[in-house]
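With chain A's structure known, arrange chain E on it following the hints.
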Amino acid sequence: MPRIATRRTKMAPEGFAKIEPTLQDFEKRLQDIQSTGDSKVGVKGSENLWKIMQVHHERSRYVYMLFYKRKLISRELYLWLLREKYADKQLIAKWRKKGYEKLCCLRCIQSGESNNGTTCICRVPRAQLERDAEKKGMEVTFKQCIHCGCNGCASTD
Amino acid sequence: MRRPWKEYTAPNGKKYYYNSETKKTQWERPIFESRVKDDVVPVNRNPQGSSALDKINIPVYVIPLSNDWKLVIWNNGTKFYIDPHGKSQKGLEDPDSLELLDYINRDKLILLVGFARGYMSSHIDPDVVYDEILEEIEQMKQDLNGDKGSESNDDIELVLKDNKDANEPVNEEELELQRQLITNLNDVDEPNTIGNNTEAKKKFMELLDNFHLDKFSTWRIEMKKIESQQSFFLIESNNEREQLFEEWCSNFQTVNSDNYEDGLESDSSMDESDGDELEPTKYHYLSHIINKTDITNDTIYQDVRKQQKSLFKEFKIKEFITSKKEQEQFTSKLLFYYKNFDLEERKKLFVHLINTYKVQLSYSLQHSLDTDDKVGLLSETQFRTLLEENNSFEIETTLLRLEQLINVQGLLNKLIEEPIYYVLGIKDKTVELFNILNHLMSIP
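Chains A and E are the protein sequences, given in the same order.
Under the UniProt record's numbering, think of the first position of the first sequence as 1, with each following residue one higher.
Under the UniProt record's numbering, think of the first position of the second sequence as 1, with each following residue one higher.
One chain only, chain A, in its complex shape:
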């Protein structure tokens, strides 16, 4: 979530006006999610949270793309956006590393937090999942991970 603008907040650098409508659209989406209540069904309880994670991911991705791929915004504006928390700094830092180009969220690579001491299942490449399932003679059962609702974020996917 972006920081609340106060009197002490630095003014947005030049070029912010061009991306503002898009950022507002993201904010609107977040509001819409908030206005729909959580489902009472146990398994669906965290779905709204997933949606929030998704918007957060998309917004960070948007800022990342603008600066690193499309090269349309200045470094000054990029840093300002990071400081005002329009984008997740840590997540973007991971995207710049090899093998983490499509990472969904930071929690999915925290091996220390999981029971088996491994990363989340959404980090496993789809091809490998299919291969393993074939060995066991089953279908791939994985649909979405429980942390953020990601359905696969390996770089090869």
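Derived by calculation from the structure, the hints in this document are not laboratory data.
Take the hints with a grain of salt, since some may be wrong.
[Stated by the list, open to error] Residues from chain A shown here face chain E by an in silico Cβ test under 10 Å; the list is partial: (1) Pro21; (2) Asp25; (3) Lys51; (4) Glu58; (5) Arg59; (6) Met65; (7) Ile73; (8) Arg75; (9) Tyr78; (10) Lys94; (11) Arg96; (12) Arg107.
[Claimed, not checked] Straight line, CA to CA, 30 Å or less: simulated DSSO-like cross-link-like pairs of lysine-lysine: (13) Lys71/A x Lys313/E; (14) Lys10/A x Lys224/E; (15) Lys102/A x Lys202/E; (16) Lys51/A x Lys333/E; (17) Lys427/E x Lys85/A; (18) Lys28/A x Lys202/E; (19) Lys339/E x Lys28/A; (20) Lys358/E x Lys51/A; (21) Lys325/E x Lys202/E; (22) Lys71/A x Lys202/E; (23) Lys347/E x Lys51/A; (24) Lys224/E x Lys69/A; (25) Lys18/A x Lys6/E; (26) Lys313/E x Lys325/E; (27) Lys23/E x Lys28/A; (28) Lys313/E x Lys28/A; (29) Lys143/A x Lys224/E; (30) Lys40/A x Lys325/E; (31) Lys427/E x Lys28/A; (32) Lys18/A x Lys202/E; (33) Lys414/E x Lys28/A.
Ideal placement from N, C-alpha and C gives every residue a C-beta, glycine not left out.
The following block gives chain E in isolation, referenced to the frame of chain A:
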């Protein structure tokens, strides 16, 4: 210190500001706020939109016709005719030239228009095609002058065929290629049959260029502007589309001067819809009914329904909007505008809305002008007399014709879902729409 201004959200999602000291309401963000937010950027999502109209157009090919008329093809694919006095005209008023144009090989003309728009091909040289057309016209002029009228259509076509054979060496491959190119340009065939993936990608990129999408935006937002287009579906998966969009955005700085335009596509679909009789938009009659109702501050949908029961039946509202819930939703949205804004303000809102769709609008307009010579638009004076007569049926027909002209069911289908599009009564709406279109047409 207490701040007098407070921010609220209107039912349409837009923010407005209320000053608790002066009891004033306004849409604009008050200026003395600590963070300057480039005061009220209008909702226009794509800044390139306005500049699209004043892009420089260059004539590329000139084809002399009979009686000193000339056909000029511009680099955005539009056609103009130059009359003997050297003035440019939209329509061709010379019967001889018209006849001549009828006999020219259409495919080659289309190919030429394609080249004018920047279509490149390694196999076919645009100059050769141009020369061929010129030659053909020379031939035809002689033929037509030789025995005026006595020759039947078939004979001329025969001459044409001989001509073609003489000009081109019998090269099956070349011909085949050319045919393929033409079908691609025309897009008459189903797009899925084009097996060539790079071709599809190229067309898709052209589509992105055509609509001047906002390169500062996300695919999720921008795709809504073009998802009704045929070439949109050339790329099958959305992921791939998004990737292409990103690619397009990232190489924007290097190629922004190239503007391909591809208005030749979806000709067939346009013709189909033109054949139908005038069809009102979904909310057309309902908005008309609401306009006729006297609205007080506490009017709700049920009141409107009670008051105008007969009209509801007469206009068969049920057939347009089947669900009652939707009727109610739309009515309450409209009632909001009727209660809070007077006529002038509503007119402003309407014009503002139309302006946000300017790019799509001018594109559709151009398209229907290109494909149709008989444009169903009245002249200024005719329109005024029509208004004075106050013949409501005629006015409504004019409105529907205007809507058909800009093809609201196609490209602008998002526009006709907006409640603001309906905040005016039929007469006011026609006037405003007519003015806007007139303005757009005056800019070539």
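Original post:
Within 30 Å, alpha carbon to alpha carbon, are Lys40/A and Lys325/E?
Top reply: holds, 26 Å
**OP:** Answer holds if the nearest beta-carbon of chain E is closer than 10 Å to that of Tyr78/A; otherwise answer violated.
**Re:** Violated - the Cβ of Tyr78/A stays beyond 10 Å from chain E, reaching only about 13 Å at its closest.
Subject >> Interface hint outcome for Lys94/A [beta carbon to chain E under 10 Å] >> reply: violated, 19 Å
Subject >> Hint check: 10 Å Cβ-Cβ cutoff, Ile73/A to chain E >> reply: holds, 8 Å
Original post:
Measuring from the C-beta of Met65/A to each C-beta in chain E, is the shortest one below 10 Å?
Top reply: holds, 6 Å
**OP:** For the pair supplied as a hint, Lys18/A and Lys6/E, confirm whether the alpha-carbon distance does not exceed 30 Å.
**Re:** holds, 25 Å
Original post:
Does the structure keep Lys427/E and Lys85/A at a Cα separation of 30 Å or less?
Top reply: violated, 49 Å
Original post:
Within a Cα-Cα threshold of 30 Å, do Lys358/E and Lys51/A meet the stated pairing?
Top reply: violated, 33 Å
Original post:
When you check the alpha-carbon spacing of Lys224/E and Lys69/A, does it fall within 30 Å?
Top reply: Given pair Lys224/E, Lys69/A holds - Cα atoms ~23 Å apart, limit 30 Å.
Original post:
Do the numbers back the hint for Asp25/A, that is, is its least Cβ distance to chain E under 10 Å?
Top reply: holds, 6 Å
Subject >> chain E contact restraint for Arg96/A - C-beta distance below 10 Å >> reply: violated, 16 Å
Subject >> 30 Å Cα cutoff - pair Lys102/A, Lys202/E >> reply: holds, 26 Å
The structure is inconsistent with the numbered hints 3, 8, 9, 10, 11, 12, 13, 14, 17, 18, 20, 21, 23, 28 and 31, although it conforms to all the rest.
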